[in-house]
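**Q** Combine the two chains into a complex, taking the hints into account.
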Amino acid sequence: MALFVVFQTTFFLTLLSLRTYQSEVLAERLPLTPVSLKVSTNSIHQSLHLQWTVHNLPYHQELKMVFQIQISRIETSNVVWVGNYSTTVKWNQVLHWSWESELPLECATHFVRIKSVMDDASFPEPNFWSNWSSWEEVSVQYSLGRDILFVFPKDKLVEEGSNVTICYVSRNIQNNVSCYLEGKQIHGEQLDPHVTAFNLNSVPFIRNRGTNIYCEASQGNVSKGIEGIVLFVSKVLEEPKDFSCETQDFKTLHCTWDPGTDTALGWSKQPSQSYTLFESFSGEKKLCTHKNWCNWQITQDSQEMYNFTLIAENYLRKRSVNILFNLTHRVYLMNPFSVNFENVNATNAIMTWKVHSMRNNFTYLCQIELHGEGKMMQYDVSIKVNGEYFLSELEPATEYMARVRCADASNFWKWSEWSGQNFTTLEAAPSEAPDVWRSVNSEPGNHTVTLFWKPLSKLHANGKILFYNVVVENLDKPSRSELRSIPAPANSTKLILDRCSYQICVTANNSVGASPASIIVISADPENKEVEEERIAGTDGGFSLSWKPQPGDVIGYVVDWCDHPQDVLQWKNVGPNTTSTVISTDAFRPGVRYDFRIYGLSTKRIACLLEKKTGYSQELAPSDNPHVLVDMLTSHSFTLSWKDYSTESQPGFIQGYHVYLKSKARQCHPRFQKAILSDGSECCKYKIDNPEEKALIVDNLKPESSYEFFVTPFTSAGEGPNATFTKVTTPDEHSSMLIHILLPMVFCVLLIMIVCYLKSQWIKETCYPDIPDPYKSSILSLIKFKENPHLTIMNVSDCIPDAIEVVSKPEGTKIQILGTRKSLTETELTKPNYLYLLPTEKNHSGPGPCICFENFTYNQAASDSGFCGHVPVSPKAPPSMLGLMTSPENVLKALEKNYMNSLGEVPAGETSLNYVSQLASPMSGDKDSLPTNPVEPPHCSEYKMQIAVPLRLALPRPTENSSLSSITLLDPGEHYR
Amino acid sequence: MSCPLAHLCLLTLLLPLLSSAASISPAESISQAYSLALYMQKNTSMLLQTYLQYQGSPFSDPGFSAPELQLSSLPPATAFFKTWRTLDDGERLSLAQGAFLALTQHLQLVRDDQSDLNPGSPILLAQLGTARLRAQGLLGNMATIMTALGLPMLPEEDTLGLVAFGASAFERKCRGYVVTREYGHWTDRAVRDLALLKAKYPA
Chain A
1 MALFVVFQTT FFLTLLSLRT YQSEVLAERL PLTPVSLKVS TNSIHQSLHL
51 QWTVHNLPYH QELKMVFQIQ ISRIETSNVV WVGNYSTTVK WNQVLHWSWE
101 SELPLECATH FVRIKSVMDD ASFPEPNFWS NWSSWEEVSV QYSLGRDILF
151 VFPKDKLVEE GSNVTICYVS RNIQNNVSCY LEGKQIHGEQ LDPHVTAFNL
201 NSVPFIRNRG TNIYCEASQG NVSKGIEGIV LFVSKVLEEP KDFSCETQDF
251 KTLHCTWDPG TDTALGWSKQ PSQSYTLFES FSGEKKLCTH KNWCNWQITQ
301 DSQEMYNFTL IAENYLRKRS VNILFNLTHR VYLMNPFSVN FENVNATNAI
351 MTWKVHSMRN NFTYLCQIEL HGEGKMMQYD VSIKVNGEYF LSELEPATEY
401 MARVRCADAS NFWKWSEWSG QNFTTLEAAP SEAPDVWRSV NSEPGNHTVT
451 LFWKPLSKLH ANGKILFYNV VVENLDKPSR SELRSIPAPA NSTKLILDRC
501 SYQICVTANN SVGASPASII VISADPENKE VEEERIAGTD GGFSLSWKPQ
551 PGDVIGYVVD WCDHPQDVLQ WKNVGPNTTS TVISTDAFRP GVRYDFRIYG
601 LSTKRIACLL EKKTGYSQEL APSDNPHVLV DMLTSHSFTL SWKDYSTESQ
651 PGFIQGYHVY LKSKARQCHP RFQKAILSDG SECCKYKIDN PEEKALIVDN
701 LKPESSYEFF VTPFTSAGEG PNATFTKVTT PDEHSSMLIH ILLPMVFCVL
751 LIMIVCYLKS QWIKETCYPD IPDPYKSSIL SLIKFKENPH LTIMNVSDCI
801 PDAIEVVSKP EGTKIQILGT RKSLTETELT KPNYLYLLPT EKNHSGPGPC
851 ICFENFTYNQ AASDSGFCGH VPVSPKAPPS MLGLMTSPEN VLKALEKNYM
901 NSLGEVPAGE TSLNYVSQLA SPMSGDKDSL PTNPVEPPHC SEYKMQIAVP
951 LRLALPRPTE NSSLSSITLL DPGEHYR
Chain B
1 MSCPLAHLCL LTLLLPLLSS AASISPAESI SQAYSLALYM QKNTSMLLQT
51 YLQYQGSPFS DPGFSAPELQ LSSLPPATAF FKTWRTLDDG ERLSLAQGAF
101 LALTQHLQLV RDDQSDLNPG SPILLAQLGT ARLRAQGLLG NMATIMTALG
151 LPMLPEEDTL GLVAFGASAF ERKCRGYVVT REYGHWTDRA VRDLALLKAK
201 YPA
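Quick mapping for you: the protein sequence lines, in order, are chains A and B.
Position one of the first sequence corresponds to residue 1 (my numbering), numbered consecutively onward.
Position one of the second sequence corresponds to residue 1 (my numbering), numbered consecutively onward.
These are calculated hints, taken from the structure and not from any lab test.
Keep in mind that this is a model prediction, so the values were computed, not measured.
From the three backbone atoms N, C-alpha and C, an ideal C-beta is built for every residue, glycine too.
A few of these clues could be false.
Unchecked claim - Pair ranges (Cβ atoms, derived):
#: 1; chain 1: A; residue 1: W81; chain 2: B; residue 2: P122; range: 43 to 53 angstroms
#: 2; chain 1: A; residue 1: S223; chain 2: B; residue 2: I123; range: 23 to 33 angstroms
#: 3; chain 1: B; residue 1: I123; chain 2: A; residue 2: P204; range: 19 to 29 angstroms
#: 4; chain 1: B; residue 1: P122; chain 2: A; residue 2: S268; range: 16 to 26 angstroms
As the list claims (entries may be wrong) - Cβ-to-Cβ under 10 angstroms is the rule here; a few derived chain B residues that face chain A:
#: 5; residue: Q55
#: 6; residue: S57
#: 7; residue: S60
#: 8; residue: D61
#: 9; residue: A66
#: 10; residue: P67
#: 11; residue: D88
#: 12; residue: E91
#: 13; residue: L117
#: 14; residue: G120
#: 15; residue: P122
#: 16; residue: R172
#: 17; residue: K173
#: 18; residue: C174
Isolated chain B (complex conformation) (with noise of 0.2 angstroms):
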């Protein structure tokens, strides 16, 4: 993840939001936001791993999984295979939007939390800060795509203002483990939805 070619890739699958959008193609947008969410989807286990191993047991017990914990403020990953695969592009994508929205806020706030109670341990605030703003790279080409295809955008709101601040360390360590474990799990239904498109838009 730190080697200067993936930042390289990293910055060129960015280069949209920099760009005029108006200037690709949908099939292009698209295959470079398929591309960039192939390339966060084999960092997420990463991330996620990184995470538990520094919040204590149980969290660092090998195998952990704690599939109830849930955030309301967050919505989740998993859905109906056939509904999800009803759904027409624009709600589609309108979802997964709405999720990366949540998520780059949930991911600040983790990292936040983490640098309090681990303020000695850099390469995970690290992979959480890279997270985010992986996920607002993603954002951005989603919105190229929305704009491309005359999607209508989706409006943005506050997803944290539902977020408890008073929540005690054991909750925060909980709430980072969904958002990281459900960054994972949005990454890869990105990466399902994005290649619906692709074979869509073929270049």
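The following block holds chain A by itself, in its conformation from the complex (with noise of 0.2 angstroms):
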């Protein structure tokens, strides 16, 4: 114990004299200089590195210095950096202290100096500096290779944004150098002729496989060498966002962030940022191996409150965020599971699920949402464990979606992820009647009745519909009742009724029954109410309609049309006070005319047509022009007719007619107007308003003109499609006159032809009568009464029409006939007294038609013969001679010839002198032996000509008894002379 006390205190003394000791050397070497100033350089950080030590220091005692440094560059007067360095100081120790250039290291030679002054308060004397240390020169340069051309710094990473600044050093100063960022060039500023220094402001970044920036070096154009850097920038980082931490189970907390972006580079030069979960309750920290969430595991039940801290960190840069919470407000339940729907009828059901159990004694809120028919209900409600929830109010036969989600009902964080499930609930009978309406089609003795209507919206239908049943009563007369059940699809039926009252009740059924019924009656009386049609115009939303209400009670009106083209039936229900409507569907078309018709429903349900409407919900112009037939043309006007052009099926109310004509003269006629037509053109316009006036006269035409004309009817849309003009020519007015006069007389000759053909017997009569037969003559009786028996009348078919006989008789007539010029010669030789006149003009065998008059007075020695006979007629004359006998010249020469001849042969002594007088024979009325040959003339009727006989010969004067019989046998009238 003793030796301890002895120790003690010699341990205390000499710790008090060391102590005097110290602060005497203090006050005697103060200020302490930094020795042994060592610099080194790191040229990944570009950055000095120094360390230093401060000799003097008392042992075993701390200091506190501050340390001046001075950084030159390239020269030690050209100081780049001036700063202070606090630190406290221990005896012997080396202190360290890093100096990061903007410049390159090795692209210039650095000068450090440094100085230091006491700052401690154990030491209250005044206090000054040290002197500098000498220069402490660093230069890199020495360590670079051989190579022409260095450029620095290597694989420099930055962010985005930063200032930097690069250098190259070039061996060679006859070589030119280039430097280029991205294939730009760059300019920088020479530190001293081997090195160039070039300051990039805010660098952008590229891409994260970095940035080339290259140096070339060249003499002339020539290519000594390629040298480069890649730098690094990387994007800044962000701080982490939006970040949270949840528990489902109160085992794990389950952190989310949203990371922004990725620093991330290439050649590992920076891996993406990382992030670290710290809680400062508990100390605990956790590197999260994801990018944007973090698994922390709750290890102490009693914790309730964390405070954590989320940090990301890359290369250059650390941020942090930081949230409080209590666990128990952190809450954020799984999802309930088991949904189940129990008691499923046709409007309720029960919905069931359970949740996950948390602690004991929680109480979970949970929403319920059901979605069914486009609506969607939401329901809260408070549950413990297991949930329940009456579902009411539901349509039937409709499938709805349920679906719950929990919270936390005391401290509400989040809802649960939703559990659903479907159900569909039991079909009704329909709740509504369906629509009916029914067109009527009145035969005779029946009524056929089409039923229609429409199926039933799936709110009232409350099921499928699987048959409609149409009950058909006769109300006049007591019969059982008609069903019909039509199957679902069907929307119509037709009915045949006869004329009686019946009434037709519709219901729509499904698997579980019938709907209220629908009921229609039908009157006997078929509906042949004449109702005027009217007039409307539609517009874009539809048709407008309005009508005057019916007298006596009406359940309401319904107004009924067709859809074109489809033509299905389409009605609407209008209630009982209501007198106007509008129609509107998108399924009226514009051009197209509908038929509206508006029927009152008595209260016995009995339809009455009330009135009509027709329009076009819009009008547009006529689709075509008629069809325009041209009469009456004449030189000064012609008439325009359309007849056929109905005004009815057209895509608009025609309201009347333009005619449109054009002509070569300026002037327009009386009632035309001047128009211009699309083409540019000019010509004449005439309205015509009412579309039944289809016809036009055009008058005050020019004649021999050319018109042309086109007809086009208009709607309130505009006209007809442009159609050709028609050409029209007018006539000349003389042509039109002609035949004026022409036609008339055309007719009366046909006239005059047709009367005379029907009066051809009075004409013949009047004109040229038939010769009486002198037989019949009444003259006959008195010549035989007067005369001899033995005069004879000629018979014209005893006649030889060929030659005439002259005979010289002192009484009475005889008739000779002549033979040809052949019987003639053969009759030379029995010498007959005759002169032989006329060769027969024909060669007929028979007898011709000629008188033959014996004249004496000419013949005197013939006469005296006393020989008067007839001479045989040779039927064939000598050709030769025929071909003369056509014109009396002929004849007389023929005759002449003969009687030259006959004479020649005569002799002399017995004929001194004949003298021939011929009288031709009547032949008219005797057809059978009318001259073949009218040319001749009608040698027997006609005189012979005297033939003068030679001078020598005695002329005996004629006697009057045979001048007298060839007077009488003569016809005065057909006497020629």
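**A** Right, here's the structure in full:
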């Protein structure tokens, strides 16, 4: 024990003496100059690393000191940085300090010196700076290789937007060095003949593989070398957003955040930023393996409060966010399970579900969503573990989707995920009567009633409609009702009813039951009420209809119409107090005429037609033009008509017609107005305002002029389509006059000809009567009575027309038939005392129709001989003579010749003088013996020319008898002189 | 290059590696090596272009060429014609074999560099891998020829031992450029070498 006391005292005294000694030394040696300054370089970080010591420090004593450091570049006078560094210094301690250079250290020599000052409270005396240490030179250029060009800094990592200085060292100042950043040349500041530095301000992020910066040394155009660096520019690290933590089971905290931009760079220069969770209450830390979430294990049941810091970090920057919370306020429940539906009927169901149990006596708030029929209902319910909710007022036969989610009721944080299930309610009987309408076709003896109904909406059908029941009941006489079932998709049926009143009930039926009935009554009277049709104008939205209310009670009105082009009957029910409605549907088409019928429904449910309306939702211009006929074309007018044009089936109400007329005349005709056509040409226009006036007389025209016309109807929407003009040319005036004269003339001639034909007998009798038959003549009886009975009348058939025989006969009258010349020659030997005069003009064998008279006056000798007889007639005449007998002259010549011949052969003594007078026998009236050659003169009915005989022959005087007889036989009317 | 036929062709050309070399005549082995060299020749320029395309400016600039860039660890393919022509078969084959030995290792180095720099460029990495495989195939063919001709085999050495690992990114890009370029040049030279041999040892 005593030894211990002695030792303790000795130690104390020693320490005290040492302290005293130190104070003395410090007082003597101050100031304390930094010594042993060593400067090293770190090329990667471009930093100078300084280390030094302070001599003469008291042993085992810590003193607070301030060091001032100066850094010069290239030369000592060029100070680039001055700064103070405060620290506590211990005896024999080596001090370290680093300085990062903007300029790469390889590009310039740096000089560093340092001085110090005591800054310790234990030394209250005034302090002063020590002397500067000597300049310490730092140069790394000597360590470079033998290449001709170097570029620094190598592979530097910087943040986007920071400033960077790069430099190159060129060994040969003869080389021309150009530097480029991503292909664009950059210009720098020459630090010395070998070194040039480039200040790049606010470098951009280009790609995570780095930005190439390279310099090219060249002499002239010859490249001497290429050298470069890759500058790795990192995106700025962002602060994590939306950082939050929550638990589902009080065992794990699940923390999530939005990491923002990934700052990873290529070539492993910088990996993606790391995330670390730090909890300050427990002091625990966890490095997160995922970039946007992290799980934290809850180890202590007692810990309720948590203070989390999320630290994001990369090589360049560190960022953090902090949250403080109570664990029970961050409960995110797992979604409910076992969702079921019980006791599902047409309108109700019970929904049940379960919740994952968290802790005892936990109350959950649950939310139920019911989706169905396009609607959504939401209900909130508070439960313990098993949830149950009664869903009511559901629609029958409807599929619903119900889902539920829950949350902690006491400290609401967030809803769980949804858990849902579908269910379908059962069917119920249809709730509404079908909308029924009818069309009635009255025929003799019965009505054909077509019933139409609209399918019930899903809301009212309450299930799938299977069929429709139609019950027909006769109201006039008691009979059994007729029931018809029509399968569901049908929406109409046809009934044929006799002329009685009928009540028709229609119900829609599904698997559960029937709907209320829709009742319609068909009256016994047909719908023969004549109702005038009224025109209405449609609008874009449809047709606005209004009508006069029906006298008496009505239970409503019905408007029906047909949809075109489907021709489906449509109808609309209107309440009893309404007398107007708007029919609007997308089915209305422009240019289609719609006929609306408005019915009033009586209390007996009998429909009565009230009004008819017709109109277009939009009138269009006519689609075609009428076919125009041109009538009554004269030189001054013509008529255009288009009677066949129907005004009904048009895409608009025809209001009238436009008649366009083109002519060469500049002026329009009266009633016409000037108009300009779409092609710019001028014409005249006439407007007809009456659609039923389908003709126009165009007058005041010029003869022999050309006109062109074009007729087009118009509606309120415009005219019909453009079409070509039709050309009409008026005839000239004279030709019409000619027609006026010629036509009556031709008519008259025709009339005359017809009359002539009809009255031919009369004309004949009047103009050229038949020659009277002598046998029938009255004079014959007279002659017979007075004269001798020998007297006969010359028979025509006995007459030889070819010759006249002149016979000298003192008494009476003899008929001599002259033969032909041939006959004459044959009778030559008989020596008759006849004068043969006429050759026959015909060679017919029969006797010619000639009457011969003997003239005794001229043939004295012959008469003396007292011989007169018939001369046989040769049937054949010499052909040579026939042709000459066509004219009297020829006859004369022939006669002359024959006579001469005859005379030559007759002895001169016997026939001294012959003079023959000839008379032609009348031939007319004897049609059978008419000469076949009309040119030939009626040889027998003319006087034969007297032929002069030689003068030496004695000319005897004619006797009175002979001349008398020859005169008597002649009809005065038939004689020619 | 990716067509199945090409792969089949490559397989048949690489077959000598697997089978016994002794059973193949010099002419046959020379012919096979020649065919492989010709096939390689068609794809070397594509490899170079793909490589440059991924390195950024100035490498990806049109018409980029830096003949002054060389690698001390990789022998240049260019040679004076007379020198080359007067080499005997053994020397010529040995030079080519040495070059392709260095190339196979350099191609692996470049592929490693690029998988670090351009991890999202599978086309370039695949092409580098394929080129290395072919270089190895040609090496095998050459070994077969040398065995068939009774020439002494070149001892394998680690040419990459001379390569600096601490090269900067830009230096690695340059290195890759030199390797892919020299791969093309050496393939061209190998075609000429083997054509010469083929003429000497007709089938």
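**Q** For each hint, tell me whether it holds in the structure or not.
**A** Okay, the hints, checked on the actual structure:
1. A:W81 x B:P122: 43 to 53 angstroms: holds (48 angstroms)
2. A:S223 x B:I123: 23 to 33 angstroms: Taking Cβ atoms as reference, S223 (chain A) and I123 (chain B) lie about 30 angstroms apart, which means the hint holds.
3. B:I123 x A:P204: 19 to 29 angstroms: holds (27 angstroms)
4. B:P122 x A:S268: 16 to 26 angstroms: Distance hint for P122 (chain B), S268 (chain A) holds at roughly 18 angstroms.
5. Q55: holds (8 angstroms)
6. S57: holds (4 angstroms)
7. S60: holds (9 angstroms)
8. D61: Since the shortest Cβ distance to chain A is 6 angstroms, the answer is holds.
9. A66: holds (5 angstroms)
10. P67: holds (9 angstroms)
11. D88: violated (36 angstroms)
12. E91: violated (31 angstroms)
13. L117: holds (4 angstroms)
14. G120: holds (9 angstroms)
15. P122: Interface hint status for P122 (chain B): violated (15 angstroms vs cutoff 10 angstroms).
16. R172: holds (8 angstroms)
17. K173: Holds, because the Cβ-Cβ distance from K173 (chain B) to chain A comes to roughly 7 angstroms (cut-off 10 angstroms).
18. C174: Holds: closest Cβ of chain A sits about 8 angstroms from C174 (chain B), inside 10 angstroms.
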